[in-house]
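There are 2 protein chains.
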Amino acid sequence: MKFTVTILGSGAATPTLERYPTSQFINCNERCILIDCGEGSQIQMRKYKLKFQKIKVILISHLHGDHYFGLAGLLSSFILLGRTSKLKIICPVGLKEIILKQIEIGNAQIPFEIEFDEILLTEKALVFEDKVLEIYAFPLNHRIPTHGFEIREKAKDRNLIPEKLEEYAISVKEIGEIKSGKPLIRKGKVIPENEYSKAPAPPLSYVFCSDNRIQSKQVGDMKDASLLYHEATFTDKDKSRAKSTFHSTAKEVGECLHQSGIENILLGHFSARYKDTTTHQSECQEYIKNVFCVTDGATYEISQNGVEMIG
Amino acid sequence: MKFTVTILGSGAATPTLERYPTSQFINCNERCILIDCGEGSQIQMRKYKLKFQKIKVILISHLHGDHYFGLAGLLSSFILLGRTSKLKIICPVGLKEIILKQIEIGNAQIPFEIEFDEILLTEKALVFEDKVLEIYAFPLNHRIPTHGFEIREKAKDRNLIPEKLEEYAISVKEIGEIKSGKPLIRKGKVIPENEYSKAPAPPLSYVFCSDNRIQSKQVGDMKDASLLYHEATFTDKDKSRAKSTFHSTAKEVGECLHQSGIENILLGHFSARYKDTTTHQSECQEYIKNVFCVTDGATYEISQNGVEMIG
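Here the protein sequences come in this chain order: B and C.
According to this note's numbering, the first sequence is numbered sequentially starting from 1.
According to this note's numbering, the second sequence is numbered sequentially starting from 1001.
Certain hints may be false.
Said to hold, decoys possible - Calculated pairs, DSS-like style, for lysine-lysine (alpha carbon to alpha carbon, straight line, at most 25 Å):
#1 C:1124 / C:1056
#2 B:49 / C:1275
#3 B:275 / C:1049
#4 C:1101 / B:88
Source of the hints: derived by calculation from the structure; they are not laboratory data.
Bear in mind the structure is a predicted one, so any value in this text is a computation, not a measurement.
Construct the complete structure from the given sequences, taking the supplied hints into account.
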């Protein structure tokens, strides 16, 4: 199971040469998901050699341009490159009209199906699932309707212990039943499941939150993350600006999540006013075990052993 | 008088790492004009150190995304960076609605005036003028309504010959009258103007044509160019594709303009299928004196001495 997050843009609203606007490419066991799509995202995917035709689902957090101005261009490239496979776009209300208008006025035909799911949530909800993963969306706290997302592996079946298959004479039919939760019965007695199977590894989860003025009541939506991405547009010295623009400082993110159990956090969406992110890093590191200040092109791997930057 | 053209994007519809989609930054005596604004144009302007806040006029040729998908992002950056000066956008019908919808849905206020002039021309017409330049637009031959543009220096006044001012006792009042075209009269006779003034240098002109399936009847709209930019999406071996997509081959451009008097031409909008542009160059060079196949970041200077690549 491969679970990676590649940062396509780590900057805030004004793009710079070093930091493109927000976009992330997620590979969860070869299910490729794009979260947000700021201007230039398709160029970044080329630069970092990511196969963007493999994207099945695009999640758009909100309708500030630095989170979606690259979407019309990406879809145009899909059209020009002859994509045929279906695409799901989960996004705020209003995006479908904007995107389709641009494609229509250019007189292009879309040779593949696009399913837009426009959402406006007041609490966390499942918005997509397939055989291997589930995607949840939940409300963030920003100037316009904004959602965070959680991409979570599906809970796996328990692993049968091979030598016990023989000992208990478990049939092929029973294996299927056990996997779907039925108890194993021998001589009229339920056999405790630890006798013949082992618990699977817990599902891994990636949670994305941008843009957000963090609040303690949101911790429940984030706390199960094996890896959490949270914006830290500002540092503590600019906390009044963070408040007025509905963003967060690195310190506020750390403070709010201190007792949450979250051990691995990516910080991003850095304002162009900062020359480097050492202050963001130190402000948050006081509270969270592993803090990574992201850069364009960085890839992080989530595994049962934790989180590692692998590129 | 400085008259330069900087190429921000030299590629066709699918952007590559080497060639961004179409956009050009024109500096005509410190009047800064942007022609087309493909995705990433604002990033390219940062890369090539062009002061994009100085842009007064934006010309959009047509509503295929590779010619305008960067505009909403550029305007957003203008807003974020606190622009206050007026901006004129000359563009096809429909763009204003698309752009304003995107700004409105992001809940942004525009702190400067944007004047959209939506045009749909059947023949060449003046669309903008100020003290130093005139901009003309004219129809191109493409799949959707498309305009070419000419940026032309205003005709300058004749230069008075200093020693003749005394000889003919020309008064300050008369200098103004001569400049506005009144004849100089002495002893009841009109003095021939070459006696006391010299013709000014002819106005320089830059003509931009993308995207266009070139036709001989268009030559009149292009032929006065000191420098002409024309698309050459394809080479001769792909001429059937050029025809079906309403583009031009480098050879067709050369052939069509052979007798036009045009001596300096930029070719661009190259399809991503070509690894290099040596064939484009040779196909066109058979017919035109100076052919430049453009690259992202290249700057060309137009002067009375001709055209030179200066960066």
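Could you grab the alpha-carbon distance between residue 1101 (chain C) and residue 88 (chain B) and see if it respects the 25 Å cut-off? With Cα atoms ~23 Å apart, residue 1101 (chain C) and residue 88 (chain B) stay inside 25 Å; holds.
Regarding the pair residue 49 (chain B) and residue 1275 (chain C), is the alpha-carbon distance no greater than 25 Å? Judged against 25 Å, a Cα distance of about 18 Å means the pair holds.
Compare the distance between the alpha carbons of residue 275 (chain B) and residue 1049 (chain C) with 25 Å, and conclude whether the hinted pair is satisfied. holds, 18 Å
Under the criterion that the straight-line Cα-Cα distance not exceed 25 Å, is the pair residue 1124 (chain C), residue 1056 (chain C) satisfied? This hinted pair holds, its Cα atoms lying about 22 Å apart.
The structure shown violates none of the earlier numbered hints.
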